[in-house]
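Build the complex from these two chains, which are given one at a time in their own frames, with help from the hints.
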Amino acid sequence: MSDIRFETVNVGSLRVHVCSTDKFKTNMMVAMVQQELSPQTVTLHALLPSVLQRGTQSYPSTIQLKQQLDALYGATLFGDVFKRGERHIMQLGLEVADDRYLKGTSALMEDGMKLLGEILYQPVMEDGAFRKSYVEAEKKNLKQKIESLLDDKIRFAAHRCVEEMCKDEPYALFNHGRLQDLDAISPQSLYTYYLELVEHCPIDLYFVGNVTTENVVELVKAHFRTGEGKRREIPVGRTHKTPEKVHEVVDRLDVNQGKLNLGYRTQITLADPDYPALQMYNGILGGFPHSKLFINVREKASLAYYAASRLESHKGILTVQSGIEIDNYQQAVDIIRKQFAMMERGEFTESEMNQTRAMLINQLKERQDRAYNVIDAHYHGVLSGQVQTLEQMIEGIHQVTDDEIKKVAQKIQLDTVYFLRNRKGGNENGED
Amino acid sequence: MEKIEYPELNETLYYEQLPNGLKVYLLPKSNYNKTYATFTTKYGSIDNHFVTPEGEEIQVPDGIAHFLEHKMFEEPDGDVFSKFSNQGASANAFTSFERTAYLFSCTENVEKNLATLIDFVQNPYFTDPSVEKEKGIIAQEIRMYEDNPDWRSYFGLIAAMFKNHPVRIDIAGTVESIAKINKETLYTCYNTFYHPSNMLLFVVGPIDPEAIIQQIRQNQTGKTYTKKGEIRRIYPDEPMSVDQEVADVQLSVGISKCLFGFKENRIGLSGEKLIRQELETEIMLEAIFGQGTDLYQSLYDQGLIDDHFGYDYSLENGYGFSAIGGDTSDPDTLLQRIQKELPQIVERGIPDEVIERIRKKKLGGYLRSYNSPEWIANQFTRFQFNDMDLFSVIPQLEKLNSEDVNKRLKEHIDWDRFAVSIVRPLDGE
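These protein sequence lines are chains A and B, in that order.
The numbering of the first sequence is UniProt numbering, which starts it at 1 and goes up by one.
The numbering of the second sequence is UniProt numbering, which starts it at 1 and goes up by one.
So here's chain B without its partners, still in its complex pose (with noise of 0.2 Å):
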C-alpha cells in the first residue's frame, strides 16, 4: 500500500490497486466520528452505446444506468437498505452522467458495513418482478423533476446546447425509455461496466488503513474476475455550435428562472490540463459574476437577480459548458443586460488583483469542502476518473496567472456558442 502526505494540509491518503484492478484509496480522519465510504463505477447516463464484454456493439435505453443504481439494492436474501439499518449505516447511492455511485455512512460496524457495501454491489440479482415494481418508483422519481423549474431550466440549457451527445438526455430517462428496461439489458450493463479495473472504493473516517485494506484485500480474493480490456464507449458526433439558441417553457412557477451559457469548444482533456482549465474558467466565471462584482451588485440593485444567481462550469472529458443564471423577474432584461455588457467585460480583461482577489476565496472555499468526508470522497473519484489529484488542486490554484485566466475569458465566452434556457409562470398564474 502506497502511502502519501499532504503535510500541508494536515492528511496521509493510502492508496492500492488490487490484481483484479480495483484501485483503493483510504484517507484516515482520527477526530471524526463518521466513517463515509463510496464505490463508484466509471459508468454514468452517457454511457448508453458501447461494445459489450462478448463484442456486441449496443444502445441502451436511456435511463438504463440510474435504472440499474436502483436495482441493485435488491438481494436474494432480501432488501440491503434493511442490512445497513440492523448495522446502524445510512446507506444511498446516486447516478451523474459520468459516474454511479454507492455509499455508506456509519458510526459503528465499520467493517461490516463495508463489506456489504461491496458485496451488495459485487452481487447482481435481477428478477422479471421487481424490474417492473422499479418502474413505477421511478415513474414518480421523474415526474417529481418534472414539477421542478430548477431541474427543467437545467435540462433545457443542456438539450439547447448539445444536438447529439447523450448529455442532453435526463439521467432518469423517461418514463417511455426505462418501460424498454428488461433484466438481461440490466445484466449486459452490468457485466460490461461493474468490473473491479472500471471501480474506485474510496473510504474516508477514524480508520486503521492496514486493517481495511487487509478486508479489502480478502474479501476481494474470494471472488473470481476475468481480465478485461478497455471498455469501448461509442459517443456521437457533436458539433461546435449550439442546437438551439433558445429553450422557453412554461411551468407552473412563482418567478421566472433564466439560465445562459456558453458550449465548451476546448474538450477532450485530462489529467492537469482538465484541472487547469477547469480553475482557470471559475476564475473567470467568479470575476464576471460573482457577489463581488460591479455586474453582479448591479443587477441585484435593479431586482433583475437574487442571492441564489450563481454560476456553474461542467468540464469533462467529452463536453463542457458554463451555466448562469438563477430565478429573475424579468428575464428578458437580464438577457439584454449581459448581453450588452458582456462583451465589454470580456474587453476590459480581468485586472492581477481581482485574480488575486479570488485566488484567495477560492483557497478558502477548499479548505471549507475538505471539511466534509462526503465532498472529498465523491471528488476524488470524480479526480481520479480524469486522472486528476483533488489533492493538488491547491498548487495548482497557486500556480495559475491572470495572462491564462483571461486567455481563457475570450476563448469560453464565444456568442457563437451562446444558448439560454428559462422558465416562465404559466399565463394567468
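So here's chain A without its partners, still in its complex pose (with noise of 0.2 Å):
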C-alpha cells in the first residue's frame, strides 16, 4: 500500500501541505480560504472564486485566461464554495498535466502555479475594484445557479430539510448564498470583502504530486502573497442543539416521486473521541447496501431505489434521504424510524459491525487514490483541529465497541421529518 502523507510548513501566514507522489499523471494544488458562515457574508463569499476565475492582470479577458489553460495542457481552473459546518470555503484550484508524460514541456507544475496564484492575487481591476462586467455578469450567473437549486429535487430536498432544521442557525444558509443579497453587491464592496478575506482569514494551499516540500515553499513564495503574523480564527460554531419537538415540514410542488428526508442531532462531530463510533452507527444504519435502511426501506419493503444516511461531521448532524412513493409516506417513515429504536436498542449484529467496519476502513483507503480526496481528507482535519494519520483513523475504526455504538444511539435525536410532495391529494400535514 502507497503512503500518502502531506508535509506541513508555515509560509508567512499561509499554510502549506504538500504531498509527494509519482502516483498520479497530473498534480494538483488547491488554495482553501475560510470564512465564517454568516447571512452577511454568504453570498460575498458564494460569488467571489466566479469574479475571479474572469481574468487576471496578465490574462485580462476570460477568453485570454481559458485559452492560457488549454495552452498548459489543458489545466483544469475549478472553483466552488462549500459548507463545513458553520464555516464557508472557498476553494480556487488548478489540475495540470505532469511533464513526465509530455514532450518538450518542463515546468508545467511552475506556470499553473503563477497562475493560480495570479487568479488569486492579481484579480483585473477597473477604477479600483473588481471589472464592472464582470461582476454584473457573476451576479447573474449566481442568481441562475441559487434558482436551479429546485432542478435537482434530491438536492433541494436535502438543503429544504436541513434549512428548516437549522433555522435559528447560520447553517440554514444556502452555500450559494441569497438572492436578496445580490442587487446590492458592488464591484466595490466585493473587492472591499475579498482584500478582508485574503489578508485576514485563513488560507490553506494543498500540492499533489511530482513535487518536493523545497521546490513548492520556493515556487509559494516566488508566486503567493505570504504575508506576515498571524491570521483571524474561524470559530466552529454551534454544534450541540436538543430538540424540543419533532418539527414536520412539507414542501408542494409538480413533482412524481415524493423525496423523504429526516434530520438528527447527533451531539458529535469529528473533533470528538466517538466520532469514529459515530461513523460506525451511520455505517450500519445507512451508509452501505448492507445497512438497516437498504434493506428494510428498499430491498424488504421494495419502497424506494435509494434509501441511506450521511453525516455532516463538522455540524454533527445526520440526515437520512429516500424517493419515495407519494402514498408510501407513513409507511417509509415508520420503517426508517423503527432502524433508528433497533439501533438504539442495541439490536445490532457482530456481523454488521464487521461488514460496516470493513467497508469504512476500504473507503478511508481508497480515498487515497484520487488527489482531490487526499485533500478533502486532511483539510476535514486542519477544520476540526486534529490531523490524523491513515493509520490513525484506521486505528480508531477498530477500536469501536458495541458499548460505544449503543452510548452513541442514546445521543441521537430526531429534529426534523421533510417531505417534498405532490399538489393534489393528502391533507395539510402532507398525510393522506
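Watch out, some of these pointers could steer you wrong.
So the derived list for chain B, only partly shown, Cβ under 8 Å to chain A, looks like this [to be verified]:
| id | residue |
| --- | --- |
| 1 | Leu9 |
| 2 | Asn33 |
| 3 | Asn86 |
| 4 | Ala89 |
| 5 | Gly136 |
| 6 | Glu141 |
| 7 | Gly303 |
| 8 | Gly365 |
| 9 | Val393 |
| 10 | Leu426 |
Covered stretches of chain A (chain B as the covering partner; in silico rule of three or more C-beta atoms under 8 Å from a C-beta of chain B) [to be verified]:
| id | segment |
| --- | --- |
| 11 | 92–100 |
| 12 | 123–133 |
| 13 | 142–153 |
| 14 | 214–222 |
| 15 | 233–241 |
| 16 | 264–277 |
| 17 | 404–415 |
For the record, the hints were derived by calculation from the structure and aren't laboratory data.
Since the structure is predicted, the reported quantities are computational estimates derived from the model, not experimental observations.
Just so it is clear, CB atoms sit at the ideal spot from N, CA and C, and this is done for glycine as well.
This is the structure in C-alpha cells:
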C-alpha cells in the first residue's frame, strides 16, 4: 500500500501542505479560504470565486485566461464554495499534466502555480475595484445557480430539510448565498470583501503530485502573497442542540416522486473522541448496501430505489434521504424510525459491525487514490483541529465497541421530518 | 498471457482470451491502494430485438437489460451486496445503451472479491416473487429520473432525433413496460448475452497479473459453456433525418434547460475509423463551443448560458449524435443566436492554431483521465467492444490534421439533422 502523507509548513501567514507522490499523471494545487458562515458574508463569499476566475492582470479577458489554460495542456481551473459546519469555504484549484508524460514541456507545475497565484492575488481591476462587467455577469450567474436548486429535487429536498432544521442557526444558509443580497453587491463592496478575506482569513494551500516541499515553498514565495503573522481564527460555531419536539415540514411541488428527508442531531463532531463510533453507527444504519435502511426500505419493503444516511461531521447532523411513492409516506417514515429505534436498543449484529468496519476502512484507503480526495480528507482534519494519519483513522474504527455504538445511539435525536410531495391530495400535514 | 507495454504512459497491460471466449485484461498499478474490476457484457438497452440461442427471433420489453442487471445481485444464498461488504468491497453495476457492467472496488481480499464478482454474474437466479418485488424498486428509479430535468432534456433530444432506433427508449424502460417482465424472459436475455464470449473482464490496481490470470483460468475451467456463434441483434431502419425538430416540455424547474444537436449520418464504423471520427468531432465541437471560444464567452456574457454549458458526442456502431447546451434563462434567444452564428463559424472554418490549442488541451485531459481506474476500466471496455484500443488515443490525437477536422465540421453541422430539446419552468412558477 502506498503511503500518502502531507508535510505542512508555514510560509508567512499561509499554511502550505505538500504531498509528494508519483502516483498520478497530473499535479494538483488547491487554495482553501475559510470564512464564518453568516448572512452578512454568505453571498459575497459565494460570488467571489467566479469573479476571480474571469481574468487576471496578465490575462484580463476570460477568453485569454481560458486559452492560457488550454495552452498549459488543458490545465483545469476550478472554484467553488461549500459549507463545513458553520464555516464557509472558498476553494480555487488547478490541475496540470505532469511534464514526464509530455514531450517538450518542462515547467507546467510552475506555470500552473504562477497562474493560480495570479487568479488569487491579481484580479482584473477597474476604478479601484473588480471589473464591473465581470461582477454583473457573475451576479446574474449566481442568481441562476441559486434558482436552479429547485431543478435537482434530491439536492433541493436535502437543503430544505437542513434549512428548516437549523432555522435559527447560520447552518441554514445555502452555500451559494441568498437572492436578496445580490442587488446590493457592487464591484467595490465585493473588492473590499475580497481584500479582507485574502489578508485576514485562514488560507491553506495544497499541493499533490510529483513535487518536493522545498520546491513548492520556493514557488509559493515567488507566486503567492505570503504575508506575515497570524490570521484570524474562524469559530467552529454551534454543534450541539437538543430538539424540543420533532418538526414536520411539507413542501408541495409538481413532482412524480416524493422525497423524504429526516434530520437528526448527533451531538458529536469530527473533533470528538466518539466520532469513530458515530461513523460505525451511520454505517450500520444507512451508509452502505448492507445497511439497515437499504435492506429494510428498499430490499424488503420495495419502497425506494435509494434510502441512505449521511453525516455532516462538522455540524453534528445526521440526515436520511429517500425517494418514495407519495402515498407510502407514513409507511416509509415508520420503517426508517424503526431502524433508529433498533440501533438505540443495540439491535445490530456482530456481522453488521464487521461489514461496516470493513467498508469504512476500505473507503479510507480508497480515497488515497484520488488527489482531490486526499486534499479534502486532510482539510477536514485541519478544520476539526486534529489531523490524523490514515493508520490512526483505521485504528480508530477498529477500536469501536458495540457499547460505544449504543452510547452514540442514545445521543441521537430526531429533529425534523421533511417531505417534498405533489400538489394534489393529502391533508395539510401532507398525510393521505 | 500477452504483455503490451505503453512506455510513454508508463503502463503495462496484460491480455488473454480464455478458451470459452472470455477476454481478460489486467492493468497493474502498484502505487494505488484500490483494485477496481469490471465484468461487462456487450448487452445494453438497445438490444431489445434479437435471435435467441434456440433460434427464435424475439422482441423483449423495454428496460429488461437494466432489470436483469438489478436481479443478478440476488443469489440462492442471499444478497451479493452483503457478501461484498463482508469482504470490504464496494460493489455496483450500471446499464447503458450498449453495455451492462458489474463492478467492485476494494483494498483487501482481491481474490475473494474477484471470485464473488465472476461467480455471481455467471450464476443467474431469478424467482417470481423476487422479480415482482424488484418492480417496485425500479419504478422508484424511473420516477426519480422523471423528476430530473437534465435527464429529461437529454432523452427528449434523443427521442426527437431518432424515429425507430431503440436508443430513443429510456434505459430503465417505463413503469408499464417493466410490468411485463417475468423470470422466463430474464433467463432468455441472460442466455443470449451473458456467454463469456460476449464478455470482458478488466482488473486494474496493485495486482500480480500472473496470480490473477491463474485464478481466472481456474475459475472458468470449472464451468461449462457450450460454444456459441455470433449473436444476431436486429435493429430497425432509421431515417437519416430527425423525427421531430423540437421537443418542448414543462417541468417543475427554476431555470430552463436547452439541449440541441445533430444526428450523425456517418455511422457503421469501428476500430481506428471510429476513434478518428470521435476525436475529430470532439475537437470540432470544442473549437466551436468550448470555454476558450468567442461564441461561448459572448453567450456567457449575455447571460444566455452558465458554466454548465457543454457538449457531448456519442458515436457507436449503429448511431451517433451530438448534444450541446445546458441551463439557460432564455432558450429561444439562445437558439436564435446559435442558428444565426453557427453557419458563419462553419463557413470560416477552424484555424490550425485553434486545433493545436485543443489538441494540447485534450492531451492533458487524457492524462488526467488515466489517473482514474474507473475511467480506464469502463472506457477500455467500451473501446474494446468497438475494436479500438484506449491506449492508442494519444497517438491518434497527435496524428489528426486540420483538414480532417474541418471536413468533419462541414459534414456534422447539417441543419437537416438538427434537433432541439427544451425543458421550461411550469407556468406560474
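Outcome of the hint check:
1. Leu9: It holds, given that the least Cβ distance between Leu9(B) and chain A is near 7 Å, below 8 Å.
2. Asn33: Hint on Asn33(B): holds, closest Cβ of chain A at ~5 Å, below 8 Å.
3. Asn86: holds (6 Å)
4. Ala89: Because about 7 Å separates Ala89(B) from the closest Cβ in chain A, which is inside the 8 Å limit, the hint holds.
5. Gly136: Because about 3 Å separates Gly136(B) from the closest Cβ in chain A, which is inside the 8 Å limit, the hint holds.
6. Glu141: Glu141(B) check passes; min Cβ-Cβ to chain A is 4 Å, inside 8 Å.
7. Gly303: holds (5 Å)
8. Gly365: holds (5 Å)
9. Val393: Result: violated, 13 Å to nearest chain A Cβ.
10. Leu426: Hint holds; Leu426(B) Cβ to chain A Cβ min 6 Å, cut 8 Å.
11. 92–100: holds (count 5)
12. 123–133: Contact hint for the segment 123–133 of chain A vs chain B: violated, 1 residues under 8 Å.
13. 142–153: Held - the segment 142–153 of chain A has 9 residues with a Cβ nearer than 8 Å to chain B, which meets the minimum of three.
14. 214–222: With 0 residues closer than 8 Å to chain B, the segment 214–222 of chain A misses the three-residue bar; violated.
15. 233–241: violated (count 0)
16. 264–277: Violated, because only 0 residues of the segment 264–277 of chain A bring their Cβ atoms closer than 8 Å to Cβ atoms of chain B.
17. 404–415: That given contact is violated, which follows from only 0 residues of the segment 404–415 of chain A lying within Cβ reach (below 8 Å) of chain B.
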